[in-house]
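K.L.:
Which chain is which? The protein sequence lines are A and B, in order. With the first letter of the first sequence counted as 1, position 95 gets the number 295 in our numbering; the numbers rise by one all the way through. With the first letter of the second sequence counted as 1, position 61 gets the number 261 in our numbering; the numbers rise by one all the way through.
Be aware that one or more of the hints could be misleading.
As the list makes no split between identical chains, a pair holds if one copy fits it or if it spans any two.
[As the list claims (entries may be wrong)] Cross-link-like lysine-lysine pairs, in silico, DSS-like; alpha carbons within 25 angstroms at most:
id: 1; residue 1: 519; residue 2: 466
id: 2; residue 1: 230; residue 2: 420
id: 3; residue 1: 320; residue 2: 275
id: 4; residue 1: 466; residue 2: 443
id: 5; residue 1: 519; residue 2: 320
id: 6; residue 1: 230; residue 2: 466
Think of the hints as simulated: they come from the structure by calculation, not from any bench. Since the structure is predicted, the reported quantities are computational estimates derived from the model, not experimental observations.
Number of protein chains: 2
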Amino acid sequence: MPDVIPDNSVGLVSPETYQFDEPLTLRSGKVLPSYELVVETYGRLNADRSNAILICHALSGDHHAAGYHHEADRKAGWWDECIGPGKPIDTDLFYVVSLNNLGGCAGSTGPRSVNPQTGKIYGPDFPVVTVRDWVNSQVRLADRLGIRKWAAVIGGSLGGMQVLRWAISYPERLGHAIAIATAPKLSAQNIAFNEVARQSITSDPNFHEGRYLEHNTSPKKGLMLARMVGHITYLSENALRSKFGKNTDEQLPGSSNFGRDLKTGKLSFAFNIDFQVESYLHYQGERFSENFDANTYLLMTKALDYFDPSVDYDGDLSKAFAHSHCRFFLMSFSTDWRFPPERSRELVENLLSAGCQVSYLEIDADQGHDAFLLPIPRYMEAFRRYLLRVHEELSA
Amino acid sequence: MPDVIPDNSVGLVSPETYQFDEPLTLRSGKVLPSYELVVETYGRLNADRSNAILICHALSGDHHAAGYHHEADRKAGWWDECIGPGKPIDTDLFYVVSLNNLGGCAGSTGPRSVNPQTGKIYGPDFPVVTVRDWVNSQVRLADRLGIRKWAAVIGGSLGGMQVLRWAISYPERLGHAIAIATAPKLSAQNIAFNEVARQSITSDPNFHEGRYLEHNTSPKKGLMLARMVGHITYLSENALRSKFGKNTDEQLPGSSNFGRDLKTGKLSFAFNIDFQVESYLHYQGERFSENFDANTYLLMTKALDYFDPSVDYDGDLSKAFAHSHCRFFLMSFSTDWRFPPERSRELVENLLSAGCQVSYLEIDADQGHDAFLLPIPRYMEAFRRYLLRVHEELSA
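The shape of chain A in the complex, shown without the other chains (with noise of 0.2 angstroms):
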């Protein structure tokens, strides 16, 4: 935590943990017998219980969005940047819930978890889960709160996708969806990457087939790899530039190239790393992977993959949406080659033919995918815009 906390801070915020003893059916078709929600809510429920938001996190997020933990906490919560009061989510107008998804690997049910069946790790054992499940969870945990329908369910990427499911398979429980950086499925090309980095985790030999914790141990090495590759399809290209390297334009003399000459001005001639980018990246990976459960990495990548609401409407994504009764608000940023522009419109094309409402917005931001997670101006001021306008929905 910061010295003193901000004034447009959540400030100190406390994880609960909520318990569900129905068993929940799979999309795979296995069956969990009971699981566990860790949720934070920031913010006060209206007397009409209409004021609340739902926040979806993405591949490596989880249910702390906001505020700080403890008073040694240096960093916020993932999404601190739009949550708090007078922020984008506004805390002083809207009750916001956030969870961690269930395979997660922050408190919520999931690889790490205890199988009541077993008494053991689930480990590998825990079954693949799909957006779909996620929201069928978050479905009971809004009827745990006594929300019966949600002011606005938000979420960026991954979580964009948990959106959209809601639109589609719980019209009357949303009043507003809104997906940002987000796509109906996933490319062919992010799908591959997807399959590089599963095989970096389940390529390490500390992997044991999943059961690395029996072995007191943990495929660190892939999980590096996997979160490296990651986070460059997360970096634009102008991302990476503006961190490492010089725009040709501006080179100053030796210092091109990205950080080269490191420490000592000249190159290794060795396998050693030559370029900042090279040390950012294996900082970052290393960071992840101490924190990180590697099975739950590779249930997100396949709950990416799987996405596709299409496929139940006969491959026609309009379909999907025809009896979504909310209204839609996308945005996405122009650097974003991972979920890029072109697939937030293709959903816009789509929910037009749906004849649903739909604001798009897409935002000039360097940052690539990543552009979500920061303060950029325009972004936040189109969703602060957006969102009182849901507020002043609620109080007419």
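Starting from the structure of chain A, add chain B where the hints point.
P.N.:
Here is chain B on its own, set in the frame of chain A:
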């Protein structure tokens, strides 16, 4: 070999080995005491030795650029589409020289060779070689073959970097520099992908710090992963989609999603292969890992990372070409995101600033970086016409 050799094939070819006993000082300061280069030639050298063309290969290429090695050979050389009688690099007109570069694994001195100073296999002790070192070794080959001046030096990708180095370091020794799908230096993203590939290889438990041959093994899994990453970056999203997916416009019911429903018509709900793009990448990666040397892969990626001729010229690329006499012909491909057209345009601008004669063609092609290996009509035709003019100049 096909049952009947096509008329426009160079037919059966045999590599030759040239031994060089004069030590070669490398850019790293290390010295190769002696080395061998494996070479193939196609066509006939004319009386005044003016019709020779040098082919420079890319990351995974070698000397076998055209024709067949033996009757049972089903696959022609890697650039057979471009080299042969009546083809763009017409062997009825030109004498074509193609070599395996130092550090390679197809016969020239490299990590699999015996170090004459120790009597042991080089393995990881083979020195890091740069594009400049390769060109220096190619100059000696030219001397040995009695070729004072190449009619043209030609290469794509990493091969194109060698072409640029020839034009900078040996301006009087080539008439034309033909650089295809290349760049004046790598982007931060390119370097990042290369580092992921290197980490994949070196973290394979069978790598044994590069001494895998001594352990009678090979880091196949790591090399496979490296190739999978590479392969994704060589192909465009369009190429992947047309191989494995359907355009949304053309979607047939149930047939979307890149070969989902691979065999059984169902998703696996496990970490198996679900999509054709995954099995394709596995197949490509595995095939590659059976033939290619992991230490060579490491060397090739470092040669790519280190290439930046502007470094010796205060970061001003145009100064690098100030003494180049040759004419330049550059081509790039619209969907190549590894070496995109803008990198070629950057080269064109710098060549023009340097006062060089340069022709540049940007070709619409769906195949990404791989396009430079494929018989795309507009590409083939432009290539053929340019070299016809080169030949006419020689006869004039």
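K.L.:
Is it within, between, both or neither when you check residue 466 against residue 443 at 25 angstroms Cα-Cα?
P.N.:
Within one copy, since 20 angstroms is at most 25 angstroms while 43 angstroms is not.
K.L.:
Go through the copies and call it for residue 519 and residue 320: within, between, both or neither, with a Cα cutoff of 25 angstroms.
P.N.:
neither (43 angstroms within a copy, 67 angstroms between copies)
K.L.:
State whether the alpha carbon distance between residue 230 and residue 420 is at most 25 angstroms within one copy, between copies, both, or neither.
P.N.:
neither (29 angstroms within a copy, 35 angstroms between copies)
K.L.:
Within, between, both or neither: how does the pair residue 320, residue 275 come out at a Cα-Cα threshold of 25 angstroms?
P.N.:
neither (33 angstroms within a copy, 53 angstroms between copies)
K.L.:
Is it within a copy, between copies, both, or neither that the alpha carbon of residue 230 lies no farther than 25 angstroms from that of residue 466?
P.N.:
For residue 230 and residue 466, only the inter-copy Cα distance (15 angstroms) is at most 25 angstroms; the intra-copy one is 57 angstroms.
K.L.:
With 25 angstroms as the alpha-carbon cut-off, assign the pair residue 519 and residue 466 to within, between, both or neither.
P.N.:
between (59 angstroms within a copy, 22 angstroms between copies)
In the structure shown, a violation is registered for the earlier hints numbered 2, 3 and 5, in ascending order.
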